[in-house]
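2 protein chains.
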Amino acid sequence: MVVRYYLNKKERMMTVTRIFDTPPCITSFAAVGGSSEGKGPLGNHFDYISDDEYFGRTTYEQAESELQRQTAAIALEKAGLKFSDIDVILGGDLLNQCVATSFGHRESGVSILGLYAACSTFTEGLILSGMLTSYGLAGKALGITSSHFYSAERQYRMPIEYGGQRAPTTQRTATAAGAVIVGQGECAPFIRGFTVGRIVDMGVTDAANMGAAMAPAAYDTITRFLNESGRSIADFDRIITGDLGMIGSSLLYKLFERDGVDIKDKHLDCGCLLYDPDTQDVHSGGSGCGCVASVSCAYLLPKIITGEYENILLAATGALMSPTMTQQGESIPSVSHAVWLSHSV
Amino acid sequence: MVVRYYLNKKERMMTVTRIFDTPPCITSFAAVGGSSEGKGPLGNHFDYISDDEYFGRTTYEQAESELQRQTAAIALEKAGLKFSDIDVILGGDLLNQCVATSFGHRESGVSILGLYAACSTFTEGLILSGMLTSYGLAGKALGITSSHFYSAERQYRMPIEYGGQRAPTTQRTATAAGAVIVGQGECAPFIRGFTVGRIVDMGVTDAANMGAAMAPAAYDTITRFLNESGRSIADFDRIITGDLGMIGSSLLYKLFERDGVDIKDKHLDCGCLLYDPDTQDVHSGGSGCGCVASVSCAYLLPKIITGEYENILLAATGALMSPTMTQQGESIPSVSHAVWLSHSV
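Keeping their order, the protein sequence lines are chains S and V.
Counting from 1, one number per residue, gives the positions in the first sequence under the working numbering.
Counting from 346, one number per residue, gives the positions in the second sequence under the working numbering.
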């Protein structure tokens with residue numbers, strides 16, 4: 001396997017892995033999805049499913065802004081909070097210039113830090129929200145990410161009306177958003193620690209196979225979190241990746257097999273959970289900033305609250321390419337940011 | 346004046362303003378520019394001026410990645426550091442999906458947090474670098490942003506070859522980058538405090554007049570920093586905005602005049618400093634993530650080190666629009682993140 005842009009192994013290269021002395025917690029969260037997400041296996045777990053892909057607006061980009069606004073509003077409402085109770089929003093999305101985030105929250109009046117890590121933006125937001133609140137720099141932080149199938153298709157590939165055929169390795173960008181409110185507190189889910197990923201690029205140039213491009217980044221970050229935090233896979237009920245999809249997940253297993261580690265029984269992938277492969281034509285699975293965010297908020301966080309999961313490691317993955325760079329023949333730099341979430345401390 | 350998306354004044358709306366107990370400092374910095382920036386009044390202050398707009402690469406997007414890589418390398422070299430000494434990179438740029446940042450640092454092997462706040466990304470990076478290092482979450486953080494005239498023109502407007510005429514209110518996107526290395530230490534410049542801005546949108550829809558769109562955000566953030574930190578304009582040698590340009594700066598003065606405050610004598614704007622309006626055809630001034638970053642690193646930070654400036658407030662400004670939203674008739678949400686930098690503590 002050729003490692004094109006990876007590591008100078010002669011040099012010490014620790015990633016930023018930290019365990020919180022005072023773990024912050026997720027005090028509220030919400031997931032909103034579109035109609036396809038509502039028809040999937042997690043449909044009943046969402047806080048709200050919109051059958052209107054426009055979310056009451058007139059363009060898909062406005063729709064994604066509205067999706068973010070509604071998701072934030074539901075997370076606030078569930079906690080009995082208003083925007084004025086939030087110190088800072090940490091948000092991002094896949095649209096050029098992250099406009100779903102900036103237009104979605106322009107009425108909020110809240111300080112905002114814009115993030116971009118492609119589909120790993122959700123865990124970047126969790127990491128920074130955790131840091132800011134754990135150290136008292138913010139009382140309450142709202143982390144939010146979204147994606148929208150129709151706004152993403154026409155920006156990254158072709159307008160839906162074109163009817164382009166999709167390769168079997170592709171994943172469907174979720175029309176979904178997830179929001180978390182993070183603060184100091186004593187209720188699950190706790191944010192216990194994290195690894196800030198670095199860029200891994202194994203030379204994959206096929207933008208229709210982003211699972212393959214991202215799997216090495218997930219492997220790198222999960223391995224580093226475990227090594228640098230002194231923990232093992234046995235310490236976690238589940239190791240959950242963002243949206244590697246079916247192909248990327250199988251590649252992740254192969255990377256771990258080289259180390260003699262079998263993670264199949266412990267592994268879940270949000271891209272494989274969101275849709276039903278038998279009845280929904282999503283090829284390799286779901287993807288998008290909203291995939292890992294909504295699956296986390298609809299499905300994973302409730303299981304941590306009940307204690308069904310005592311500890312999970314959530315490693316969202318992002319393909320940091322653009323259509324322009326793909327057209328120039330460039331390979332796909334990827335990143336994965338991982339967060340350890342737990343039921344108790 | 347109609348405030349479209351601004352504030353519900355009935356609610357408490359404090360932005361995140363903080364003063365560091367243990368101020369981190371900027372231990373090294375570097376500025377790199379293109380040929381136009383080299384011909385401007387600050388040309389001699391840059392660490393490196395490239396007369397090759399491609400920076401040795403074959404496309405403008407690759408050129409901007411290379412610009413980031415070189416700027417980071419110079420900042421490291423000036424401090425006698427290697428990438429392996431850096432814990433985390435905090436970077437961003439204006440290209441779709443922030444590819445100048447991700448491609449620029451994919452060989453570094455360093456943990457990376459991608460940021461997006463348009464032209465205010467540089468101060469967002471300073472704020473987060475300061476937070477992470479002040480609280481010991483990272484030893485050394487590298488903050489970097491860039492922009493490139495040719496990659497920006499063809500993405501946001503038209504390819505240069507088209508020869509489109511530019512409106513008198515437009516600003517020239519700088520081909521430039523600035524990098525800072527932030528850590529704990531006892532040498533100037535110190536990062537003393539900051540305000541994380543919120544989105545302000547006064548209804549300006551003219552994407553050829555971004556200074557007008559951003560001026561209210563600068564006013565909002567500067568005013569809030571002063572009010573919330575209990576400081577006044579008299580406490581600062583200079584109040585410096587990112588890239589309001591000549592038109593945006595004059596609007597900023599008008600906004601302060603409503604409060605009976607004259608900031609003209611204290612104010613500088615990086616967009617007005619970078620080019621010579623008499624000999625360079627830049628209309629309202631410079632702009633871009635690289636404008637405030639390079640002017641800071643080439644011109645402002647050295648003046649803080651010598652003590653010529655004891656205290657400055659640097660409020661970078663960002664227009665959070667995209668060409669898609671402009672085509673849909675949307676107004677321009679803006680944000681400004683401010684950082685207080687000082688010679689001594």
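Check before you lean on any hint, since a few could be wrong.
[Claimed, not checked] Examples of chain V residues toward chain S, derived with CB under 10 Å: (1) 401; (2) 434; (3) 663.
These are calculated hints, taken from the structure and not from any lab test.
Computed from a prediction, not measured in an experiment: that's the story for all the values here.
Think of the CB as a built atom: it goes at the ideal place given N, C-alpha and C, for glycine as much as any other residue.
Going down the list of hints, with the structure as the test:
{"no.": "1", "hint": "401", "result": "violated (15 Å)"}
{"no.": "2", "hint": "434", "result": "holds (9 Å)"}
{"no.": "3", "hint": "663", "result": "holds (8 Å)"}
When held up to the earlier numbered hints, the structure conflicts with hint 1 and nothing else.
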